[in-house]
Amino acid sequence: MSLLAAESLSFSYPSGPASSFSLQDVSFSMEKGDLLGVLGPNGSGKSTLLRLLCRVLKPRSGRFTVSGQSLEDLSQKCAARRVALVPQEMISVFPVTVEQMVSLGRYSHGGWWGGHTPRDQEIVASALRQTDLWAIRDRLTTHLSGGERRRVLLARALAQEPQVLLLDEPTAHLDPHHQMDLLHLVEKRRTENGLAVVAVLHDVHLAMEWCPRSLLMKDGRVVAQGRTADVLTPELLERVYEIPVEVTREAGTDRKYVNFFHTLRNQEEASQ
Amino acid sequence: MTRPRSFWKRGGGVGWLLLIGSAAFLVALKMGSVSIGWRELFTILWQSLQGRLDSTSGRAAEIFIFIRLPRVLMAATVGALLASVGAALQALFRNPLADPYLLGISGGAALGSVIGLLLGAASPAPYACFGAALTLLVVLMLSRIQGSPNVSLMVLAGVAIHSFTASLLTFIISQARSHESASILFWLLGSLTALPYQTLIPLMVLSLVGLGALFLFGPALNLLAHGEETALTLGLNAERAKWGLVLLCALLTGLAVTFNGIIPFVGLVMPHIARLLFGSDHRAVLPLSAFLGAVLAVLADAVGRTLLAPQEIPVGVVTAMIGAPFFIYILRRERRKLL
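Line by line, the protein sequences give chains A and B. What the first sequence shows, in the numbering used here, is residues 50 to 321, in sequence order. What the second sequence shows, in the numbering used here, is residues 139 to 477, in sequence order.
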């Protein structure tokens with residue numbers, strides 16, 4: 050039995066501007082320590098899939114199981130102990146300290162009053178240390194840089210002690226240094242603790258470098274999934290992103306590079 | 139920025155607050171069109187604690203028991219209700235401008251209770267609560283953008299609803315007989331006329347139970363303050379908590395309005411001050427707001443009673459004079475986010 054499995058998940062928005070969109074028949078499975086990159090153009094259903102996986106949305110049909118248990122059958126607290134999300138941004142209207150924010154990750158483990166046992170405090174402290182936030186744990190979240198905020202969100206998710214970590218564009222709005230810091234952190238937890246990671250990505254290069262497996266989506270359907278090298282082929286990428294792709298191979302190796310920007314260059318040449 | 143105000147957190151603040159609170163309570167008991175001397179006040183307090191106080195204890199004692207004390211108790215309860223409802227609404231809707239008055243909920247409750255009175259109800263409280271719940275639901279419906287409430291829209295919807303209920307109330311008042319309309323008007327402006335104990339005590343007990351229930355939502359509000367979706371992914375049954383809170387806030391506003399009409403801005407100002415002092419943990423913010431709201435209402439009432447004695451300024455007028463500038467301050471602080 051695999052650690053987690055999405056079994057023909059389908060979803061459509063009941064009303065509003067997105068009601069014409071539907072997610073159809075998405076299935077995949079993952080083992081402990083697996084990493085899956087989810088790619089696709091805007092509106093392909095990546096975010097909807099992520100929101101289904103963390104129970105913000107309820108599937109119309111199909112189910113998502115973790116360790117064989119359907120997430121829908123679990124209480125919200127039980128679900129949050131299994132699956133944690135690192136969102137793109139935090140909405141802080143009222144300032145809280147970094148430590149308070151990370152402590153919220155322990156809610157699903159605690160009693161109804163949200164009091165913290167020594168074990169809770171230990172886990173929060175370790176999450177703060179791992180994400181290099183210990184020194185600024187007393188700072189207010191409203192006084193943080195973008196990179197720090199993202200690390201706080203990761204620390205909060207780690208404090209949930211999940212089996213599955215969902216990342217929503219983990220590298221967006223971060224400079225390369227902070228991107229690498231964040232990815233190293235996730236990698237460490239993945240390889241050492243067997244955390245399974247689902248990452249929604251816009252960056253095809255990043256998926257090629259980082260993700261052993263990928264899932265490519267378009268119009269709410271899975272176009273292809275499997276080994277990244279098999280999924281992110283020029284043909285499939287062209288079909289999905291509807292833009293010509295240039296693939297270059299690094300001399301003497303197997304590493305391939307995808308380039309979308311050559312169209313820009315071609316345009317420039319044409320106009321000259 | 140370091141850990142905010144660790145002195146307050148270590149408990150030193152609680153001692154100070156209790157001191158300020160009891161001082162406010164005593165001053166309010168002393169002040170009024172008939173001033174009671176300190177010595178006399180303490181004698182009366184001492185006697186009443188021993189249960190030796192009765193109608194033979196003199197005029198000052200009579201004023202104390204039947205006018206001053208119920209009024210101060212009522213002001214404290216109403217202030218506590220409004221301020222903690224404000225704190226809960228602010229966190230629930232992530233809206234620093236949320237306040238039962240500004241969102242039109244108090245207006246709805248007032249209209250409800252006046253209709254209740256006209257229908258000859260024994261107590262206007264259920265009508266007030268129903269009116270509060272109805273207006274809150276309408277404001278929520280009007281302020282939704284793609285499923286989540288928008289801060290600015292919510293205040294605008296509140297203004298619209300408030301104007302609507304206010305115009306209906308004015309209509310009712312204009313149609314009522316003159317002595318009736320004067321009393322309705324005075325009650326609307328938040329007059330804290332002393333209620334008899336047999337009305338006061340049940341309302342107070344109900345309010346305290348409601349406040350206790352609201353305080354239990356502290357941990358949930360800590361999560362909801364970061365958005366419903368975040369609260370969900372962190373393990374809160376957000377939908378259930380949200381509707382529980384909406385219902386409870388409407389009930390408590392209804393109660394507060396039944397006590398004494400519309401008292402604006404207590405629910406806006408005090409939660410912000412509570413957060414400044416103790417940080418944004420709602421397990422502390424809710425009770426603290428209640429306490430500070432009680433102190434503010436008690437003091438505002440005392441000022442209203444004495445400033446132009448023997449005439450009275452309604453307590454709502456006093457709190458509006460304090461609250462409106464504070465509202466403008468918050469508005470200026472938040473304007474970038476609101477646009």
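Read the hints as simulated data drawn from the structure, not as lab findings. Among these hints, one or two may not hold up.
Here are the simulated PhoX-like pairs of lysine-lysine, each with C-alpha atoms no more than 20 Å apart in a straight line [to be verified]: (1) LYS107/A with LYS126/A; (2) LYS126/A with LYS380/B; (3) LYS168/B with LYS107/A; (4) LYS237/A with LYS81/A.
Chain B side only, calculated, beta carbon under 7 Å to chain A, not exhaustive [claimed, not checked]: (5) ARG232; (6) HIS317; (7) SER319; (8) ALA363; (9) GLY365; (10) LEU370; (11) LEU372; (12) GLU377; (13) ALA379; (14) GLY382; (15) SER418.
Estimated spans, in silico, between C-beta atoms of each pair [what the hints assert, rightly or not]: (16) ARG282/B with GLU121/A: 21 to 29 Å; (17) LYS237/A with GLY159/B: 22 to 30 Å; (18) ALA300/A with ARG282/B: 51 to 59 Å; (19) ALA221/A with ARG282/B: 24 to 32 Å.
Positions of the beta carbon are idealized from the N, C-alpha and C atoms, including for glycine.
How the hints compare with the structure:
1. Our distance criterion of 20 Å between C-alpha atoms is met by LYS107/A and LYS126/A, whose separation comes to about 16 Å.
2. Between LYS126/A and LYS380/B, the direct Cα distance comes to roughly 16 Å. Compliance with the 20 Å bound is thereby established for this hinted pair.
3. Note on LYS168/B and LYS107/A: the hinted pairing is violated, with a Cα-Cα distance of about 60 Å set against a maximum of 20 Å.
4. A threshold of 20 Å between alpha carbons decides the hint, and for LYS237/A with LYS81/A the separation of about 13 Å falls inside it, so the pair holds.
5. Given the 7 Å rule on beta carbons, the hint for ARG232/B holds: about 4 Å separates it from the nearest Cβ of chain A.
6. Using the Cβ-Cβ criterion of 7 Å, the hint placing HIS317/B at the interface with chain A is not satisfied: the shortest such distance is roughly 46 Å.
7. Annotation: interface hint on SER319/B violated; nearest CB of chain A at approximately 41 Å, more than 7 Å.
8. For ALA363/B, the suggested interface contact is upheld, since its CB lies about 6 Å from the closest CB of chain A, less than 7 Å.
9. Interface hint at GLY365/B: satisfied, since its Cβ lies 5 Å from the closest Cβ of chain A, which is below the 7 Å cut-off.
10. For LEU370/B, the shortest C-beta to C-beta distance to chain A is roughly 5 Å, which falls under 7 Å, so the interface hint holds.
11. Annotation: interface hint on LEU372/B holds; nearest CB of chain A at approximately 5 Å, less than 7 Å.
12. Among the interface hints, the one on GLU377/B is violated; its C-beta lies about 9 Å from the nearest C-beta in chain A, farther than the 7 Å criterion.
13. Interface restraint check for ALA379/B: the shortest CB-CB distance to chain A comes to about 10 Å, outside 7 Å, so the restraint is violated.
14. The beta carbon of GLY382/B comes no nearer than 13 Å to any beta carbon in chain A, farther than 7 Å, and the hint placing it at the interface is violated.
15. Hint status for SER418/B relative to chain A: holds, with the closest Cβ pair at about 4 Å, below 7 Å.
16. Remark: the range hint 21 to 29 Å for ARG282/B to GLU121/A is upheld by a beta-carbon distance near 26 Å.
17. The hint said 22 to 30 Å for the Cβ distance between LYS237/A and GLY159/B, and at roughly 51 Å that hint is violated.
18. In this structure the hint that ALA300/A and ARG282/B lie 51 to 59 Å apart at CB holds, the actual value being about 57 Å.
19. Checked against the hint of 24 to 32 Å, the C-beta distance between ALA221/A and ARG282/B comes to roughly 27 Å, which is consistent with it.
Consistency with the previously given hints fails for numbers 3, 6, 7, 12, 13, 14 and 17, ordered from lowest to highest.
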